[in-house]
Amino acid sequence: MNDGVNGVALAVFILFFVAVTVMGFLASRWRRAANENSLDEWGLGGRSFGTWVTWFLLGGDLYTAYTFVAVPAAIYAAGAAGFFAVPYTILIYPLMFVFLPRLWSVSHKHGYVTTSDFVRGRFGSKGLSLAVAVTGILATMPYIALQLVGIQAVLDVMGVGGGENTHWFIKDLPLLIAFGVLAAYTYSSGLRAPALIAFVKDALIYIVIAVAIIYIPIKLGGFDDIFAKAGDAFAQINPATEKPRGALAPADPSQWTYATLALGSALALFMYPHSVTAVLSSRSRDVIRRNSTILPLYSLMLGLLGLLGFMAIAAGIKVQNGQLAIPQLFEDMFPDWFTGVAFAAIGIGALVPAAIMSIAAANLFTRNIYKDFLKPDATPEQETKVSKMVSLLVKVGALVFVLGMDKTVAINFQLLGGIWILQTFPALVFGLFTRWFHRWALLAGWAVGMVYGTVAAYGVASPTQKHFGGSSAEIPGIGEIGYIGLTAFVLNLVVTVVLTFVLRAVKAPDGVDETSPEDYTVDAGDKGVQVELPPATAGAAH
Amino acid sequence: MPQEPEERGPVVTPVRVVIALCLFAPFVAMLWVGSYAKIEPTLIGVPFFYWYQMAWVVISTVLTMVAYRLWQKDQAGRKASREGGASQ
Numbered sequence: 116m117n118d119g120v121n122g123v124a125l126a127v128f129i130l131f132f133v134a135v136t137v138m139g140f141l142a143s144r145w146r147r148a149a150n151e152n153s154l155d156e157w158g159l160g161g162r163s164f165g166t167w168v169t170w171f172l173l174g175g176d177l178y179t180a181y182t183f184v185a186v187p188a189a190i191y192a193a194g195a196a197g198f199f200a201v202p203y204t205i206l207i208y209p210l211m212f213v214f215l216p217r218l219w220s221v222s223h224k225h226g227y228v229t230t231s232d233f234v235r236g237r238f239g240s241k242g243l244s245l246a247v248a249v250t251g252i253l254a255t256m257p258y259i260a261l262q263l264v265g266i267q268a269v270l271d272v273m274g275v276g277g278g279e280n281t282h283w284f285i286k287d288l289p290l291l292i293a294f295g296v297l298a299a300y301t302y303s304s305g306l307r308a309p310a311l312i313a314f315v316k317d318a319l320i321y322i323v324i325a326v327a328i329i330y331i332p333i334k335l336g337g338f339d340d341i342f343a344k345a346g347d348a349f350a351q352i353n354p355a356t357e358k359p360r361g362a363l364a365p366a367d368p369s370q371w372t373y374a375t376l377a378l379g380s381a382l383a384l385f386m387y388p389h390s391v392t393a394v395l396s397s398r399s400r401d402v403i404r405r406n407s408t409i410l411p412l413y414s415l416m417l418g419l420l421g422l423l424g425f426m427a428i429a430a431g432i433k434v435q436n437g438q439l440a441i442p443q444l445f446e447d448m449f450p451d452w453f454t455g456v457a458f459a460a461i462g463i464g465a466l467v468p469a470a471i472m473s474i475a476a477a478n479l480f481t482r483n484i485y486k487d488f489l490k491p492d493a494t495p496e497q498e499t500k501v502s503k504m505v506s507l508l509v510k511v512g513a514l515v516f517v518l519g520m521d522k523t524v525a526i527n528f529q530l531l532g533g534i535w536i537l538q539t540f541p542a543l544v545f546g547l548f549t550r551w552f553h554r555w556a557l558l559a560g561w562a563v564g565m566v567y568g569t570v571a572a573y574g575v576a577s578p579t580q581k582h583f584g585g586s587s588a589e590i591p592g593i594g595e596i597g598y599i600g601l602t603a604f605v606l607n608l609v610v611t612v613v614l615t616f617v618l619r620a621v622k623a624p625d626g627v628d629e630t631s632p633e634d635y636t637v638d639a640g641d642k643g644v645q646v647e648l649p650p651a652t653a654g655a656a657h
Numbered sequence: 018m019p020q021e022p023e024e025r026g027p028v029v030t031p032v033r034v035v036i037a038l039c040l041f042a043p044f045v046a047m048l049w050v051g052s053y054a055k056i057e058p059t060l061i062g063v064p065f066f067y068w069y070q071m072a073w074v075v076i077s078t079v080l081t082m083v084a085y086r087l088w089q090k091d092q093a094g095r096k097a098s099r100e101g102g103a104s105q
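Just so you know, the sequences run in chain order G and R.
Note that the numbering used here numbers the first sequence so that position 463 is 578, with each residue one more than the last.
Note that the numbering used here numbers the second sequence so that position 16 is 33, with each residue one more than the last.
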C-alpha cells in the first residue's frame, strides 16, 4: 500500500493547505468589529453570520472530515448498516427547525454563549450547568482527535506518514505541522477563520464528490456491476464471527439497530457544543429556520459518499485499516493531481470542525467552569484570553491522544462521547419548552444515563476488541439490539420524570428562572435583544 | 416584564397541524426501516434501500420548506391581527 511518496498529489495538497493557512490568518480582518477582545467576538464571530455563511459554517462543522472517511469506511466494512448516517442527517433538520430558534432567542436576549449558560439561567442550578459543560467538553475532545485521525489517513496513503520503522518524529511531523497551523490561526482569528475556510472546504468537497460519483462508476462498469460485486463480497462468511460480512439491505434483526442509531444520533447532534456555537453565531432566528431547509444538501452528498464504500469493494481495494479504504480508492482511481485535490478536501475538511470544536469546548470551560467556579469577577478580556488558551490546550490534548494512543481508543471515546452528549438533551431541549422538570431530577437522570451508557458500551465486545466494540447492545425489556445512547436516554427520561413528581410532591426548592416565556420567541431587532456589536458590523448583510 | 406574548389566538390551528405533520413525516418514514429494507426495484443499478433514503433527503427538504413558509404566514397573520387591534 505504501508504495513511496505520491509527489504530484502531495504538491497539490500542500498548495491548497498553504492557501488555506493564509486565509485563516487573514480571517481576523474579515468584517471585524471594534471590540475584538470580547468572547462574543472571538468565540461567536460577533454573532453576525447570515444565511449563507451559517450554511457553510454549519456544513463544514457537522459534516466533518472524519465523517467523509468513516461513513464510506463503515459501508465498506459492513454494507447497509453504515448507511444509517443518511436517515440520521435527514432527521436532524425537522428537530433543528423546532427547537434551535428558541435557543437562539433566549441566548441573544440573555447573552448566553453556551448551552450550559442557558441551563444555568433557566434552572438556576450551577450543578446542572456544570454537568452539561463537562459532558460537552468530554464529548468534544475525542471528536477533535478523530479529525486528526482523518488527516493522518490521508497522509498515510500519500506515503508521507512513514512506515512502521520510521522514527516517530519524522512519521508524525506532517501531522504536527498541520496541527500547528490549525492552532495558530484559531488562536488569532477565532470563529472567523473556520467560517472563511469552510467556503474552500465545501467547494473542494462538492467538486471531488461530483467527479467521484460519475467518474469512478464509469471506470468500474456501472452501478449494476458495483453492487453485484459488493453483494458477493458481503455474502462471504467471516471466519472470526461465523456470520456474513454484511448485507446490501438490513435484515430483520438489524433494523432496530439501524433505526435507533439514526434517531439517537440525530437527537445528539445539536447537543454538541460545536453545533450550538455555529448556530448562535447566526444573525437571526430566521437564518436558522432557513438553514434547516438548505442544509439537507449536505445529506445528499453524504449519501453519495456512502456509495463510494461499495465502489472501494468493487475496485478490489484491500486495506487492513478500514479508514484508509476511501483515500486508497481515490489514489487508485484518480490521476495524481486530482488525488491531491481530493486529499486536500479531506485535510481541510478536518481543520474546519477541529477549529470550531476547540473554540466551543473553550467557551464552555471559560463560561461555565472558570467564570462560574474559579473567578466569578472575570472581565470580558480575561474571558477571551482564557478561552484562547483553553482552545489551544484542548487541541494539544487531542494531539497527544492521537499520537500517544491507538487509533481505536479515539474511536471508542468518540462513540462514548455520542452516548454521553445525548444525556444533556432533557435539560437543554425540554428546558427550552417547559420548566416543569425539576433541576435535581434532571441532574439525577443525566447521571443515570451517563453511567448506564458507559457500562453498557464497556460490555460490548467485537472480534477485535473486548470492550467498547460497538455502540449497540440489547435493549433491556425489548430484547432487540439497539443504540446504547438511545436506551440510556430513555432511562434518563424515566428517572427525570419520576423524580420530578417526587420532588414536586415534597416541595423541593426550585431554582430561580431568569428567563420569561416571551424571551423564547424574540428576534433580532426586538426590544432587549443583544446585538452586542456596533451596528456597522452586525448589520453587514451577507 | 409582562409584555404581550408573540402568539395570540388558539395554539392549535389547522395550519399548525399541517406544519407538525410536515416535520413529523420524515421520522415515520425513516424509522420504519422494514418498509424500505429491500433490494428491488433498483434504480440505475442502485438497490432500493439506498436510492429511497436519498430520495427522502429531497422529500424531507421540501416538507421542511413548506413548514417554513406556512410558519412565516402564520406568524405574519398573527402579527397583523395583533397590530390591527383585533385582540382575541
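Among the hints, a few may not be true.
[To be verified] Result set (DSBU-like, lysine-lysine): computed pairs, CA atoms no more than 30 angstroms apart in a straight line:
| id | chain 1 | residue 1 | chain 2 | residue 2 |
| --- | --- | --- | --- | --- |
| 1 | G | Lys358 | R | Lys96 |
| 2 | G | Lys433 | G | Lys344 |
| 3 | G | Lys503 | G | Lys490 |
| 4 | R | Lys90 | G | Lys433 |
| 5 | R | Lys96 | G | Lys334 |
| 6 | G | Lys344 | G | Lys334 |
| 7 | R | Lys96 | G | Lys344 |
| 8 | G | Lys241 | G | Lys622 |
| 9 | G | Lys433 | G | Lys241 |
| 10 | G | Lys241 | G | Lys503 |
| 11 | G | Lys344 | G | Lys358 |
| 12 | G | Lys486 | G | Lys503 |
[What the hints assert, rightly or not] A few chain R positions that, by computed beta-carbon distances, are all more than 10 angstroms from chain G:
| id | residue |
| --- | --- |
| 13 | Val29 |
| 14 | Pro31 |
| 15 | Met71 |
These are calculated hints, taken from the structure and not from any lab test.
Every residue gets a Cβ at the ideal spot worked out from N, C-alpha and C, and that includes glycine.
Evaluation of the provided hints:
Distance hint between Lys358/G and Lys96/R is unfulfilled; the C-alpha atoms sit about 61 angstroms from each other, more than 30 angstroms. Annotation: proposed proximity of Lys433/G to Lys344/G holds, straight-line Cα distance about 14 angstroms (limit 30 angstroms). With a CA separation close to 16 angstroms, the supplied pair Lys503/G and Lys490/G stays within the 30 angstroms bound. For the given pair, Lys90/R sits about 55 angstroms from Lys433/G by alpha-carbon distance, which is inconsistent with the 30 angstroms threshold.
Annotation: proposed proximity of Lys96/R to Lys334/G is violated, straight-line Cα distance about 58 angstroms (limit 30 angstroms). About 14 angstroms separates the Cα atoms of Lys344/G and Lys334/G, which keeps this hinted pair within 30 angstroms; it holds. Restraint check: the Cα-Cα separation between Lys96/R and Lys344/G comes to about 59 angstroms, which exceeds 30 angstroms; the hinted pair is violated. About 20 angstroms separates the Cα atoms of Lys241/G and Lys622/G, which keeps this hinted pair within 30 angstroms; it holds.
Our distance criterion of 30 angstroms between C-alpha atoms is broken by Lys433/G and Lys241/G, whose separation comes to about 52 angstroms. Distance hint between Lys241/G and Lys503/G is fulfilled; the C-alpha atoms sit about 23 angstroms from each other, no more than 30 angstroms. Distance hint between Lys344/G and Lys358/G is fulfilled; the C-alpha atoms sit about 18 angstroms from each other, no more than 30 angstroms. A C-alpha spacing of about 14 angstroms is found between Lys486/G and Lys503/G, which places the hinted pair at or below 30 angstroms, so the restraint holds.
At roughly 15 angstroms from the closest C-beta of chain G, the C-beta of Val29/R stays outside 10 angstroms, upholding its exclusion from the interface. The claim that Pro31/R is not at the interface with chain G holds, since no C-beta of that chain comes within 10 angstroms of its own (minimum 19 angstroms). For Met71/R, the condition that its CB be more than 10 angstroms from all CB atoms of chain G is violated, with the nearest at approximately 4 angstroms.
Hints 1, 4, 5, 7, 9, 15 from the list above are not met by this structure, while the remaining hints are.
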